[in-house]
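2 protein chains.
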Amino acid sequence: MPAPVHPSQTTVAWIGTGVMGAAMCGHVLKAGYRVSVHTRTPAKAQPLLGQGAAWAESLRAAADRADIVVTMVGFPRDVRDVYLAPDGILAGARPGSILIDMTTTEPSLSREIAAAASAKGLSAIDAPVSGGDVGAKHATLSIMVGGDRRTVEVVRPLLACLGRKIVYQGPAGAGQHTKLCNQIVIAGTMAGVCESLLYGYRAGLDLHQMLESIRGGAAACWTLDHLAPRMLQRNFDPGFFVEHFVKDMGIALEETARMGLTLPGLTLVHGLYQRVEALGHGRSGTHALLLALEDLSGMTDSST
Amino acid sequence: MPAPVHPSQTTVAWIGTGVMGAAMCGHVLKAGYRVSVHTRTPAKAQPLLGQGAAWAESLRAAADRADIVVTMVGFPRDVRDVYLAPDGILAGARPGSILIDMTTTEPSLSREIAAAASAKGLSAIDAPVSGGDVGAKHATLSIMVGGDRRTVEVVRPLLACLGRKIVYQGPAGAGQHTKLCNQIVIAGTMAGVCESLLYGYRAGLDLHQMLESIRGGAAACWTLDHLAPRMLQRNFDPGFFVEHFVKDMGIALEETARMGLTLPGLTLVHGLYQRVEALGHGRSGTHALLLALEDLSGMTDSST
Numbered sequence: 006m007p008a009p010v011h012p013s014q015t016t017v018a019w020i021g022t023g024v025m026g027a028a029m030c031g032h033v034l035k036a037g038y039r040v041s042v043h044t045r046t047p048a049k050a051q052p053l054l055g056q057g058a059a060w061a062e063s064l065r066a067a068a069d070r071a072d073i074v075v076t077m078v079g080f081p082r083d084v085r086d087v088y089l090a091p092d093g094i095l096a097g098a099r100p101g102s103i104l105i106d107m108t109t110t111e112p113s114l115s116r117e118i119a120a121a122a123s124a125k126g127l128s129a130i131d132a133p134v135s136g137g138d139v140g141a142k143h144a145t146l147s148i149m150v151g152g153d154r155r156t157v158e159v160v161r162p163l164l165a166c167l168g169r170k171i172v173y174q175g176p177a178g179a180g181q182h183t184k185l186c187n188q189i190v191i192a193g194t195m196a197g198v199c200e201s202l203l204y205g206y207r208a209g210l211d212l213h214q215m216l217e218s219i220r221g222g223a224a225a226c227w228t229l230d231h232l233a234p235r236m237l238q239r240n241f242d243p244g245f246f247v248e249h250f251v252k253d254m255g256i257a258l259e260e261t262a263r264m265g266l267t268l269p270g271l272t273l274v275h276g277l278y279q280r281v282e283a284l285g286h287g288r289s290g291t292h293a294l295l296l297a298l299e300d301l302s303g304m305t306d307s308s309t
Numbered sequence: 006m007p008a009p010v011h012p013s014q015t016t017v018a019w020i021g022t023g024v025m026g027a028a029m030c031g032h033v034l035k036a037g038y039r040v041s042v043h044t045r046t047p048a049k050a051q052p053l054l055g056q057g058a059a060w061a062e063s064l065r066a067a068a069d070r071a072d073i074v075v076t077m078v079g080f081p082r083d084v085r086d087v088y089l090a091p092d093g094i095l096a097g098a099r100p101g102s103i104l105i106d107m108t109t110t111e112p113s114l115s116r117e118i119a120a121a122a123s124a125k126g127l128s129a130i131d132a133p134v135s136g137g138d139v140g141a142k143h144a145t146l147s148i149m150v151g152g153d154r155r156t157v158e159v160v161r162p163l164l165a166c167l168g169r170k171i172v173y174q175g176p177a178g179a180g181q182h183t184k185l186c187n188q189i190v191i192a193g194t195m196a197g198v199c200e201s202l203l204y205g206y207r208a209g210l211d212l213h214q215m216l217e218s219i220r221g222g223a224a225a226c227w228t229l230d231h232l233a234p235r236m237l238q239r240n241f242d243p244g245f246f247v248e249h250f251v252k253d254m255g256i257a258l259e260e261t262a263r264m265g266l267t268l269p270g271l272t273l274v275h276g277l278y279q280r281v282e283a284l285g286h287g288r289s290g291t292h293a294l295l296l297a298l299e300d301l302s303g304m305t306d307s308s309t
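Protein chains in written order, with my numbering: chain V, 6 to 309; chain B, 6 to 309.
Think of the hints as simulated: they come from the structure by calculation, not from any bench. Glycine included, every Cβ here is placed at the ideal spot set by N, Cα and C. Treat each hint with caution, since some may be false.
What follows is a list of derived Cβ distance ranges for each label pair [stated by the list, open to error]:
#1 V:276 <-> B:11: 54 to 60 Å
#2 B:209 <-> V:169: 25 to 31 Å
#3 B:283 <-> V:155: 45 to 51 Å
#4 B:120 <-> V:276: 52 to 58 Å
#5 V:280 <-> B:217: 32 to 38 Å
#6 B:154 <-> V:54: 57 to 63 Å
A partial selection of chain B residues facing chain V, derived with a Cβ cut-off under 8 Å [to be verified]:
#7 52
#8 96
#9 100
#10 144
#11 170
#12 186
#13 190
#14 205
#15 215
#16 226
#17 255
#18 257
#19 258
#20 259
#21 262
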């Protein structure tokens, strides 16, 4: 395991340059790390190359030259592929390097990768994030970290470029479990905010004034502050993709089934989001839940 | 309608001294208003008498000497009684006085009281609040106001003793509609927070660390900050009574039925709270929703 060294002497391989990953990788570049990027759609890496990143032709090539490998991809199957496929990160990484998966994925997969990494003399940690596109852009993410505690301390300076709250949660998979806790809260708040806007619209309220009132009391939440205004503008751009949120809630529901736990709110909201996908909004932002609820009441547009 | 005058020259009749009302009335006294109190259970008014309030033997007696009458009672039936009964506030109030109902009640009842008040030369506004016992104690409530706009401006200095956000929402009943929007958001956030804690408990997380992580990201909400810690301590004292929240959600569901609106999240949470009541927790705080969810999964105690 490398001792903490100056960013300019540390090579980071960055895998995955979607909405979140691209913004996050930019902060790592700005902090002075040597970064090589690989991603499935090379065009998406272009802006990062302009900021000084090198392009790596393959996962193996990226991992081979890196002290730290960071992944921020889409689905558990992508995580499995980039780490465990024959030409994946575990096949290419140098002994002693540290692998950080920041994707939200199955806790069991994080444990599997950590074990496989350990068997090869590598250290893998799970470090999913919350804070959305806003948090990625402003480096104000909350980062929930699971894995070997000493390894986490070695990469803490890197994580500190990306977020303002980095909390160690326990062994491999604990970061993922914490992120699922986070998503369960968001499922509830999103449903509450969307239903509240529909109620206010039908009640004839000025929704901007209504929001001004309720943001100040016990209903205060991040969703009201950051997503309700986008809903009023009918701007359903991501942010955070519906299809990723459906994935996260699906993982949480599989875990709860395994735990013998009944979470009726999460179950309901997961079903509503499947309706959002059926309406063709899988690649919209999570606040497109409003559209499924409008649809449920036979409304076409509740903007003012 | 009285012009705004110095608090010491304004007599306020305060009706209702429950958890919220008692704290709020204390701020009015501290601001220098002359206050007379009447409430169904005189013992609850005792601390306010010690702070300088006078006791009024009846609603009529309280209203008869007041420039402003404030009500903070429990249920719509109580609101109807204190305003509209033969020996109620409307029977006793002096022409020109202003009546402020801060109870959460039916928007239609607020409109009915405003019309009945107007017919007697009185002005009635609806001004329900959010922010719970914490907000009442620290005078940081959000106050959502409906009714005649000029009347609202006359009593704004009084409302400013109680809250830090006072927003005019529209004609009579608009304050109530806004409060119902607020409760709909809270229904969602409360379900999300409770389900998240159960998930984290079953996943074996340190719940304090988990909360530390998720409070910093897109799951951030008032309920996480103020009620989740009480849940971890198994402290289900009110706060805000379950039975009052059930009442509020019931009003919102009646309104949505009238509007032809389907709100599945609110419907679900309302049902879960009826389970909380069935478990004997109607007079616990709203965060006792955790107990119904534990019960649903056959758990008896999810504290760490």
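Each hint, compared with the structure:
The beta-carbon spacing between residue 276 of chain V and residue 11 of chain B, approximately 58 Å, falls within the hinted interval of 54 to 60 Å. The hint said 25 to 31 Å for the Cβ distance between residue 209 of chain B and residue 169 of chain V, and at roughly 26 Å that hint holds. For the pair residue 283 of chain B and residue 155 of chain V, the beta carbons lie near 50 Å from each other, so the given range of 45 to 51 Å is met. For residue 120 of chain B paired with residue 276 of chain V, a C-beta distance near 43 Å fails the hint of 52 to 58 Å.
In this structure the hint that residue 280 of chain V and residue 217 of chain B lie 32 to 38 Å apart at CB holds, the actual value being about 34 Å. For residue 154 of chain B paired with residue 54 of chain V, a C-beta distance near 58 Å keeps the hint of 57 to 63 Å intact. Annotation: interface hint on residue 52 of chain B violated; nearest CB of chain V at approximately 24 Å, more than 8 Å. Look at residue 96 of chain B: its Cβ only gets to about 31 Å from chain V, farther than 8 Å, so that hint breaks.
Interface restraint check: residue 100 of chain B against chain V, minimum CB-CB distance 31 Å, threshold 8 Å, status violated. The criterion of a C-beta within 8 Å of any C-beta in chain V is not met by residue 144 of chain B, whose closest approach is roughly 13 Å, and the hint is violated. Interface hint at residue 170 of chain B: satisfied, since its Cβ lies 4 Å from the closest Cβ of chain V, which is below the 8 Å cut-off. The beta carbon of residue 186 of chain B is positioned within 8 Å of a beta carbon in chain V (closest approach about 4 Å), and the interface hint is therefore held.
Here the hint on residue 190 of chain B is kept, as its CB sits about 4 Å from the closest CB of chain V, short of 8 Å. Taking 8 Å as the C-beta contact cut-off toward chain V, the hint placing residue 205 of chain B at the interface holds, the least distance being around 5 Å. The beta carbon of residue 215 of chain B comes within 5 Å of a beta carbon in chain V, closer than 8 Å, and the hint placing it at the interface holds. For the restraint placing residue 226 of chain B at the interface with chain V, the shortest Cβ-Cβ distance is roughly 4 Å, inside the 8 Å limit, so the hint holds.
Look at residue 255 of chain B: its Cβ only gets to about 14 Å from chain V, farther than 8 Å, so that hint breaks. About 7 Å separates the beta-carbon of residue 257 of chain B from the nearest beta-carbon of chain V, less than 8 Å, and the hint is met. A distance limit of 8 Å between C-beta atoms decides the matter here; for residue 258 of chain B the minimum to chain V is near 10 Å, and the interface restraint is violated. At about 12 Å, the closest approach between the beta carbon of residue 259 of chain B and any beta carbon in chain V exceeds 8 Å, and the interface hint on this residue is violated.
Violation of the interface hint for residue 262 of chain B is found here, the shortest Cβ-Cβ separation to chain V being roughly 11 Å, above the 8 Å cut-off.
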